[in-house]
Amino acid sequence: MYTASDLRKGLKVIIDGEPYIVTAFEFSKPGKGQALYRTKLRNMITGLSIDRTYREGETFEPASLEERAMQFLYKEGDHYHFMDNENYEQIIISEESLGDAKNFLIENLNVKVLMFGDRAIGVELPNFVNLRVMKTEPWVRGDTSKADFKPATLETGYVLRVPPFIEEGELITIDTRTGEFSKRVKE
Amino acid sequence: MIPERVNFRKGSKSRFVAKNWPLARRKENLQQRACLLRQIREFFVGKGYVEVETPHRIPTPAPESHIDAIPSGPWFLHTSPELCMKRMVAAGYEKIFQICRCWREKERGSLHLPEFTLLEWYRTGGGYRSLMEECEGLIQSVAKSIGLGQKIVFRGREIDLSEPWERISVKEAFHGYTQTSVPEALERNLFDEIMVRDIEPRLGLEKPTFIYDYPAQRGALARLKPQDQTVAERFELYIGGLELANGFSELVDAKEQRRRFHAENENRQSLGKCIYPMPDRFLEELDEMPPAAGIALGVDRLAMVFLNAEKIDEVVAFTPEEL
Chain F
1 MYTASDLRKG LKVIIDGEPY IVTAFEFSKP GKGQALYRTK LRNMITGLSI
51 DRTYREGETF EPASLEERAM QFLYKEGDHY HFMDNENYEQ IIISEESLGD
101 AKNFLIENLN VKVLMFGDRA IGVELPNFVN LRVMKTEPWV RGDTSKADFK
151 PATLETGYVL RVPPFIEEGE LITIDTRTGE FSKRVKE
Chain X
1 MIPERVNFRK GSKSRFVAKN WPLARRKENL QQRACLLRQI REFFVGKGYV
51 EVETPHRIPT PAPESHIDAI PSGPWFLHTS PELCMKRMVA AGYEKIFQIC
101 RCWREKERGS LHLPEFTLLE WYRTGGGYRS LMEECEGLIQ SVAKSIGLGQ
151 KIVFRGREID LSEPWERISV KEAFHGYTQT SVPEALERNL FDEIMVRDIE
201 PRLGLEKPTF IYDYPAQRGA LARLKPQDQT VAERFELYIG GLELANGFSE
251 LVDAKEQRRR FHAENENRQS LGKCIYPMPD RFLEELDEMP PAAGIALGVD
301 RLAMVFLNAE KIDEVVAFTP EEL
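First to last, the protein sequences are chains F and X. For the first sequence, counting from 1, position 81 maps to 81 in this note's numbering; every step adds exactly one. For the second sequence, counting from 1, position 164 maps to 164 in this note's numbering; every step adds exactly one.
Treat the hints as calculated values from the structure; they're not laboratory data. Quantities reported herein were computed from a predicted structural model and do not represent experimental measurements. Every residue, glycine too, gets a C-beta built ideally from N, C-alpha and C. A few of these clues could be false.
Unchecked claim - Counterexamples of contact, computed for chain X against chain F with all Cβ distances above 12 angstroms: (1) Q39; (2) K47; (3) I58; (4) M88; (5) K95; (6) E107; (7) T117; (8) I159; (9) Q179.
To be verified - The following label-pair restraints were derived from C-beta to C-beta distances: (10) F:K40 <-> X:P291: 41 to 49 angstroms; (11) F:D16 <-> X:K95: 53 to 61 angstroms; (12) X:Q269 <-> F:K75: 51 to 59 angstroms; (13) F:I15 <-> X:Y93: 29 to 37 angstroms; (14) X:Q269 <-> F:E187: 58 to 66 angstroms; (15) F:N87 <-> X:K106: 41 to 49 angstroms; (16) X:K106 <-> F:K40: 18 to 26 angstroms; (17) F:P62 <-> X:S169: 42 to 50 angstroms; (18) F:H79 <-> X:H56: 55 to 63 angstroms; (19) X:D198 <-> F:D6: 25 to 33 angstroms.
Here chain F stands alone, though its shape is the one from the complex (with noise of 0.2 angstroms):
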């Protein structure tokens, strides 16, 4: 059983019968108040987000779902193929159930598909992954302005934040539980 203290962003819980993911979460405690967790949670099986806020001591049934070793294939259209490791079936996910995880997906990234029943309805990624910058603003010498972060496009079209001296072409890693930048790679 999980409490309200134990939310985050990718917990996966039960509600009401039916595996959510929490996408987005927010702690807050007005003075000398209660503990308030304001979510998001995105139902795994329709992909509909729902806004709910949760107090402390509320308490929550874990999702136990079964996860099978898989690689990522490729895309077409806003379908995301994978293969099982262990006995290779191919298996189809839609983008509306990868949520975020689309941002990370590249040609044969090792992933856990997560099943519910017999459905697959979502990907767990390792926590760390290594994508190329396709795009993004060289760095102005002697610029002095605050702005100590620039955007850059990744390989995946997924658009994020990196410190100035990131280059067009270079590798860099991504923390995939929070969709920052996390370092980048020598090669």
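Assemble the complex: chain F is given as a structure, and chain X must be docked to it using the hints.
Positioned in the frame of chain F, the structure of chain X alone reads:
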């Protein structure tokens, strides 16, 4: 900003980039934070306050329903220096301030750290309104010290620091910003939720805002208002929707304070939480405390406001996750 050792010469392959980039990036913020701390001290010394230090590790925290202390052996890490500082006021220290680390269990979010820095100060002979004025003076003087003028930018808004700041009662805020009255919100246990969802985001948007006169049961250590016993003489300061400080006229009636602590402990028990031992020494000395007012201000959050930071992580050297 960029660490000094980085050599950004274009095309150079041997430039240095700190392994701990997030920490390197915070350097300028932490330098400004240091200025802020120095200026806070100067402000209070200039006003005749004495800086004090009280133990971080104490036998028992003040029993309050929603504040949980982290155990340290058979004792606790303090959740604020309140009890010790009030014992000093009771013993004749008229104007004291302290800047210290405090700990609160399981408080972590973009505005919370389980270990954070609190500025707390007490003065005799004045009530909560005099503290509001002192807040105005303190924050203006700190703003000036780190090179900011009367106007600051925080959370995408320009906020005017010139006096007087906005003052609004809790009752007026509920009336103006919600469909629910205060008694109704309390009755349905929705007070905190409405506060967070409907009221806080509206406070301190153009000028800093003091919201004052909280329901009596929301100020376990505050004095009730003589003209209206349903409210406590307690206020909070908000800038850009961010809660920065909590102050009140101190309750100096030991018998009443003991009764309230017992009620808070009963409430803790009903929430399935541990109950705290009575702070007996504090209660024994409280009767000798002259009329006074005290306030706690979150230093990390003040740094957030001045540095226009989105997350508390940006104004500290290390978060618990980074250790």
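Report task. Check each numbered hint from earlier against the structure, then list the numbers of those it violates in ascending order. Result -> 6 and 13
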